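Enquirer: The hints should help you fit chains B and C onto chain A, whose structure is shown.
Residue numbers (my numbering), protein chains in the order written: chain A, 1 to 317; chain B, 1 to 520; chain C, 1 to 307.
Hints are supplied without guarantee of correctness; some may be wrong.
Stated by the list, open to error - Partner residues aside, some chain B positions facing chain C, computed with beta carbon under 8 Å: (1) S238; (2) A239; (3) L242; (4) A259; (5) M263; (6) T313; (7) A379; (8) L380; (9) R396; (10) N399; (11) D400; (12) D404.
Source of the hints: derived by calculation from the structure; they are not laboratory data.
Since we're looking at a predicted model, the values are computed, not measured.
Beta carbons: idealized from backbone N, C-alpha and C, even for Gly.
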Amino acid sequence: MHAVLIMILQRLALGLLTLFVVSVVIFGATELLPGDLASTLLGQAATPETVAALRRQLGLDQPAPVRYWAWLTGVLQGDFGTSLATRRPIADMLAARLGNTIFLALYAAALAVPLALILGILAALWRNSLFDRVANAGALSAISFPEFFIAYILIYLLAQSGYFPSMVRLSPAMSLGDKLYASFLPALTLTLVVTAHMMRMTRAAIINLLASPYIEMARLKGVSPLRIVLRHALPNALAPIINVIAINLAYLITGVVVVEVVFVYPGLGQLMVDSVSKRDIAVVQAIALIFASAYVLLNLTADVLSTLTNPRLMRRK
Amino acid sequence: MNNTRNRHGVTRRGLLKGATAMGAAGLILPASYRAARAEPQQGGTFRIGLGHGNSTDSYDPGLIDNLYSQVFAAARHNQLIEVDADGQLIPEIAESWESDDGQTWVFRIRQGVTFHSGKDVTVEDVLASLNHHRGEDATSAIKQFFDPVTDISIDGQNIVVTLEAPNGDFAYLMSDYHIAIMPSIDGRIDPTSSDGCGPYVVESFEPGVEATLNRFPDYWKPDRGHFDRVEILAILDSAARLNALMTGQVDLIDQIDPATISMLEAQGAANILSIPGNAHYVFPMDSREAPFNDNNVRLALKYAIDRQQMVDTILGGHGAVSNDNPIGPANRYFYADMEAKTFDPDRARHYLRKADMESLTVNLHVADAAFAGAVDAGALYAETAAQSGITINLVREPNDGYWDNVWMQKPFVASYWGGRAVEDHMFTTGYAAGAAWNDSFWEHDRFNELLVKARSEVDEDLRREMYQEMQRIVSFEGAVVIPMYNNYVMATATNVATPDQVSANWNLDGFRCVERWWFA
Amino acid sequence: MGVLIFLVLFIAASIPLSWSFRAGLARVLPRHMKSAARDMPLTAAFGIMVIAVYILVAIFAPLLAPFPERAVVGTQFQPWDSTHLLGTDRLGRDMLSRLIYGARNTVGIAFATTALAFLVGSLLGILAALRGGWLDQGLSRFVDALMAIPSLIFALLLLTIFGTSVLTLILVIAAVDATRVYRIARSVGEGIVVMDYIEAARLRGEGNWYLIRREILPNALAPLVAEFGLRFCFVFLTISSLSFLGLGIQPPTADWGSMVRDNATLITFGNVTPLLPAGAIALLTVAVNFVVDWQLYRASGLKEQVG
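With the rest of the complex left out, here is chain A (with noise of 0.2 Å):
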């Protein structure tokens, strides 16, 4: 167990740096757009004498570096700042799509991930028959549609007709069935686009183990196929699959922008292309850091839990 604690200890301060090159990187890259925020919030309005202005209120006429610091140090001290166009907390502004992002993100993966878990063991089970084949097509063919585009057909096809809503309207006063019937929609979009990749890496985890002496083994005393899969080769796959699970977590939380403007679904997503295209660069910085964050912890989680399953890889160190 001690080993386990010094592994998270250790990959936490590694996650701390992650997240400070991150904030570096994206506080570089949105330097190097064209524009600011004062010529963007003009736009096509904009005249010099009037964006320089803009630029002297919102303090943009300060160096780089100088407003890079005050961002760090604010954050250090948990504080975001505010948004510099809506001038509004930023920590106000996100709470709520966070919510909204996490929660379409846990709904899409309770679909996605028992179902690919399932079409998986059942693939690896029943490898290279018609059943096989036919999931390992169907999965394909799912992920090699554009989201937006599987959004299009899923909406004609059950939104038209009236069965769900096209558009995603959420408000806190929603009961949790009202708010699930709501965003029905973009979490199947999001389960059609995850569950291939995870139902292929369960297929493939298993298949591989199944060579294994130990498991030819097993065959032998005559045990039956299933109970080979699910007690025998499932534990030991586990670490791949875990693996191959929080990275597509990790997907549904930081990657799901277009799935939001289909579905208008008030997500983090939206909120950091638009502040992007408008070079809001405080909330940019803090969805990038929330993002950040999700995929390191994510990624710690998997690595303490394949540590876990995997007894060997405990000892190793």
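Expert: Below, chains B and C without anything else, positioned relative to chain A:
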């Protein structure tokens, strides 16, 4: 107020002296309601899905820059002067206005109007609201409107504005949508407050997502603001907007993909409103730079475009061919009989030869940020121009940063104009020498001379002649290819009723669908 | 419904086609590859056949396409008829011709991108595993940080900064993909560098380049190839998503990702036009991964009866 009123456009007389006479006529018998099919009914929740709206939108009236914030502002604010559905200036918070010399303007402020907060609208509030756009620290998009203003003062119930030099169009400028009347706190308005004296009170606002508003029970206009509640949603994806309307989740959408208009119409579940106006799509060239500094090259490019095909394909037929003319059919002095430029590859070649060229290769920089369908329009242009020996290399630029890096930076680009109700305003902003938005960097002595002369000309026929000559100059010697006037196209649920006349001055009934429309 | 019937017919037709393709392949191939061809499952034969067809279409596009890539030859959205077999697109260009040219552009760009990503990613990854120390730490931490930034948003940032020519598009997507490849290559490499034969080669005094080329790469190939199959197909999707967000390939170049985007709204009215480019992408994805699966299966050494 005599006979000089015109169906479209604002008359000069009306501008200089848009006093009570004109205003009263407009209010007692609003032209738009005269032949209304049915009396407006009150009630219902009006849900609008717009292809605009950004999470950086704020309440600051000086930073209103997209259709979402424009409609949202029209729902919660009133202005000094309103532009009615006929394009006439009619009184709003200013009950009358007057100027003897065009240099000193007197606006009489209406009494008995209250803000949503319950406070009365006073002259001080109006002064603060105007000053928000003025002065060195002002960050308003219309700051330059106030550059020639030397003083704004209070005189009893009047606001007196003094200009450096006479400007007959000043009242028109004051009808700009940025000038919202908001309460004054120590002589300044609070740009982070939602308080206004418009038809609806803000209940909630999540930038880039939605705004909800309820009817303001004490609204001063008796015949406006028919809905109980208004919800304005930002739906950026065009298919999502269509679906929201088709599944009954919203009652009004804008920016319909032209390719799908006929399909939507065929379904019969929605009404299409297609409002012709002065808005137009343009391809400006940098007239200072070779090869665009040669008018023969510019003419070759103008004859190498198939305008009708553009209207049919890019606008889905919802628009009209333009003869490189920024003055539109809804303008008063529109030169309808000007010699039309049809698609004519031979003539294009002829002008190329006159420029001592056998062939021509130019880069056209486009992005859909310039106008919906700009990339497609560029591809079409490149195809037709190829028939005249002109190679147009299409360069698709990112939407992001288009107005910063491409427009007025690259020599040949795509852009759009909302059109202007008066000719002088259009020419002064876009074509006068040195104007901030003269995006073709074009200078023409005769044109500039006429522009100044026409402002003070009182003889109606002479003015018409001058403005028509200017249109001819821009069309045949200017550096802007203007292939088409685009209609404002919107779709509503079948139970949404509008007045017979819907404004061509800006989109969505001059942004005022929220206060002018109702549920049948 | 029509789409479903079409799908069933397509599958029904592809089985005998793949079967005869496999038989034909077994006949013409040189002796040592014959057995591999004879033993390959039908799915793999189908995959190879589809890939071959795509490559032929891409090479001979100008000969096959009835109309030029960018010419406007009709009116908007003409229905399918004998002149325009698949109708016309939103500008009146022939849909079939654009699909055919799309094969050339799309497959070319996707291949260049993936190849570049794998070259850079796997070399750096294996080098990091081999050398360890500061090089490994520095590279790995940097890649970690880049991977923690959502890839679509990162690509969006880079493309906005550097413009959207085909070259920058390839470089940017390759850069983003290379981080993923680096991770896999490094972890696979880590397992290999501790092996005895690497130690032996080192003692022989072989250089890094020799080790990578002769000892590590051949042993790390299987997982990298599997990843290659998926990454290759994701390039189409990235281009499509980018064009959804207003970036992507330069018009009037035909590419499937942008073609899906351009015509996507039509599906709202039940029109199948956007299904064509999407289907072209899907078919290639399935085909490539069928082949990859077969290769992996052979590499895994699982000797079971193959159907």
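Enquirer: Of all the hints numbered above, which does this structure not satisfy? Sort the numbers upward.
Expert: 12
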